[in-house]
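Participant: Sequence order for the protein chains is A and B. According to my numbering, the stretch in the first sequence is residues 14 to 300, in order. According to my numbering, the stretch in the second sequence is residues 522 to 805, in order.
Hints are computed from structural coordinates only; laboratory data are not their basis. The structure presented is a predicted model; accordingly, all values stated were derived computationally and were not measured. Careful, some of the hints might be misleading.
To be verified - Chain B regions said to be covered by chain A (calculated; three or more residues, Cβ under 8 Å):
#1 568-575
#2 791-802
What the hints assert, rightly or not - Derived lysine to any residue pairs resembling SDA-like cross-links, with alpha carbons at most 20 Å apart:
#3 B:K769 x A:K258
#4 A:K258 x B:Q691
#5 B:K671 x A:S62
#6 A:K273 x B:E802
#7 A:K273 x B:R801
#8 B:K671 x A:K273
Note that the Cβ used here is the ideal one computed from N, Cα and C, for glycine as well.
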Amino acid sequence: MTDSIIVTKHLSHTYLTGPVPKKVLIDISLEIAPASCVAIIGFNGSGKSTLVQHFNGLLRPTEGTVSVDGIDVGAGKADLRALRRRVGMLFQFPETQLFERTVFADVAFGPHRMKLSRREVRQRVIDALEMVGLPHSEYGSRSPFDLSGGQRRRVALAGILAMKPHILVLDEPSVGLDGEARAEFYGYLRHIQQEQGVTIVLVSHDMAEVATLADWIFVLHEGRLVMQGTPRSIFAQSDRLLAWKLAVPPLSELLSLLRKQGVDIPTETFTLDEAFEILSTKNRATL
Amino acid sequence: MTISPIIDIQRITYSYPVQAGRTKEDQSMLALREVSLQVQRGEYVVLLGHNGSGKSTLARHCNALLFPDSGRVLVDGLDTRDVAKQRIIRERVGMIFQNPDNQLIATVVEDDVAWALTVRGVPAAFIRERVEAAMHDVGITHLRKQPPHKLSGGQRQRVAIAGVLALRPQCIIADEATAMLDPLSRQEITQLLHQLNQQYGLTIIQVTHLLEEATMAQRVVVMEEGQIIMEGTPATIFADLERLRALKLVIPEPIILAERLRAAGVSISRDAVTVEAIARELML
Numbered sequence: 014m015t016d017s018i019i020v021t022k023h024l025s026h027t028y029l030t031g032p033v034p035k036k037v038l039i040d041i042s043l044e045i046a047p048a049s050c051v052a053i054i055g056f057n058g059s060g061k062s063t064l065v066q067h068f069n070g071l072l073r074p075t076e077g078t079v080s081v082d083g084i085d086v087g088a089g090k091a092d093l094r095a096l097r098r099r100v101g102m103l104f105q106f107p108e109t110q111l112f113e114r115t116v117f118a119d120v121a122f123g124p125h126r127m128k129l130s131r132r133e134v135r136q137r138v139i140d141a142l143e144m145v146g147l148p149h150s151e152y153g154s155r156s157p158f159d160l161s162g163g164q165r166r167r168v169a170l171a172g173i174l175a176m177k178p179h180i181l182v183l184d185e186p187s188v189g190l191d192g193e194a195r196a197e198f199y200g201y202l203r204h205i206q207q208e209q210g211v212t213i214v215l216v217s218h219d220m221a222e223v224a225t226l227a228d229w230i231f232v233l234h235e236g237r238l239v240m241q242g243t244p245r246s247i248f249a250q251s252d253r254l255l256a257w258k259l260a261v262p263p264l265s266e267l268l269s270l271l272r273k274q275g276v277d278i279p280t281e282t283f284t285l286d287e288a289f290e291i292l293s294t295k296n297r298a299t300l
Numbered sequence: 522m523t524i525s526p527i528i529d530i531q532r533i534t535y536s537y538p539v540q541a542g543r544t545k546e547d548q549s550m551l552a553l554r555e556v557s558l559q560v561q562r563g564e565y566v567v568l569l570g571h572n573g574s575g576k577s578t579l580a581r582h583c584n585a586l587l588f589p590d591s592g593r594v595l596v597d598g599l600d601t602r603d604v605a606k607q608r609i610i611r612e613r614v615g616m617i618f619q620n621p622d623n624q625l626i627a628t629v630v631e632d633d634v635a636w637a638l639t640v641r642g643v644p645a646a647f648i649r650e651r652v653e654a655a656m657h658d659v660g661i662t663h664l665r666k667q668p669p670h671k672l673s674g675g676q677r678q679r680v681a682i683a684g685v686l687a688l689r690p691q692c693i694i695a696d697e698a699t700a701m702l703d704p705l706s707r708q709e710i711t712q713l714l715h716q717l718n719q720q721y722g723l724t725i726i727q728v729t730h731l732l733e734e735a736t737m738a739q740r741v742v743v744m745e746e747g748q749i750i751m752e753g754t755p756a757t758i759f760a761d762l763e764r765l766r767a768l769k770l771v772i773p774e775p776i777i778l779a780e781r782l783r784a785a786g787v788s789i790s791r792d793a794v795t796v797e798a799i800a801r802e803l804m805l
């Protein structure tokens, strides 16, 4: 398939910094479709972060190739500057990286460094703030430090969006946000994916989050890609996930418990509505 | 003599000091308004609320990190504002925070667990015994020689808990102690707190915004805008899902499913709030 925006072929990565070389990624071949939202899940140390750091050239493959948006990341002459403009990265607790005096200045930092005209920078900041629900007219001149945690995180996201990336890599984006802030944040992400056609790569421990956002899941275990598929097919295999120290969403856990007790529930059951449908009719039948 | 509560919060009000650049109106934002709460010895209480509801502020009053503007807080009968008593209060009520890295100091696990005893000048043999017991209780004995930064988040949080346990507190407050952990480690830490409560009668106050962490508590206290607005067993709290939703809390899907099935005539006890209990009810 040539229309994938990210392609890795036999990607391996070995850290040479310690006393003994450590192989953290082993022979990973995967493809990510443009404008999709994929999730990369795995227990601590499974290689998730190492993998996504290849997507914007923070790391280069020790073996194999990585191609992102047409750029060969492994090539010696790869234009990493261009790559990093196209791949925005939001690290964990990004709100701690805000530093400017105003929300506007903070969001403008990235585009400003791209040497865009002042007018262009201004327009991008206004658009980006609009996208994350913090209109410039109301929030632009405020100090980022006067905002709530959820709002600060959205400012950090706007700072990335203002650089108009084609790909957005998010590392545990909603850790520490409460229910409402989380739902809002998901809404903005979905909007960015669907309206702007941005490809989203999500690294997350939160299976409820993965189930909500992702179209496709890659499961890593000890540096290998061990499983991939739709959330529906992945979360149906709760026992395999548990063996890799991964939790399934609570609803999948409940259904799996019932299945073990002999209740006949199709493995592809995934949403709340489907589970309700099956269990309520079952109950009527037994009465 | 009647048994006094371990923590006795009497009508306290608190507002954070004004920060430079803030207006007068912001200043009048009260973080706590006339809050009263008694926690009994050996109780397992969950303080529930979304970000900014005042739950952490309240928790920090329980071991003399913050002091009320009005009202008072008694810990084991001692007023937290009494400077001479604050050290004893902090020994009796230990606190675990969101990020274990903020409270890990030493280069290997066992030194870290011993830290608080060491700085208090406790005899070495005594320290060894306490540290041994604390590491055993949280299940990190095999990690004793490891540097904390090489451990997983869940393991680091266990080290932090062991460090507090080594002081033999009567009460442990876990302030969003699972927020940065993966789901399995999160469940394990909650189970560990539950086990410490059962085994040693240790009083536990768990501060969280996650409803699933409230299911094991004896009592759930829900906060909103600096006040306690609901209080009761997990089953009574979970009975009003609409209210919980309005409080910006995420309702676990199995609970929603149970509620909908109940409305459709399936008999599921309201006491069933965990995944296991709901599954058991559905099997009947």
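Participant: Are the hints correct? Go through all of them and say.
Facilitator: Hints, one by one, checked against the model:
no.	hint	verdict
1	568-575	holds (count 3)
2	791-802	holds (count 4)
3	B:K769 x A:K258	violated (29 Å)
4	A:K258 x B:Q691	violated (33 Å)
5	B:K671 x A:S62	holds (16 Å)
6	A:K273 x B:E802	holds (14 Å)
7	A:K273 x B:R801	holds (12 Å)
8	B:K671 x A:K273	violated (37 Å)
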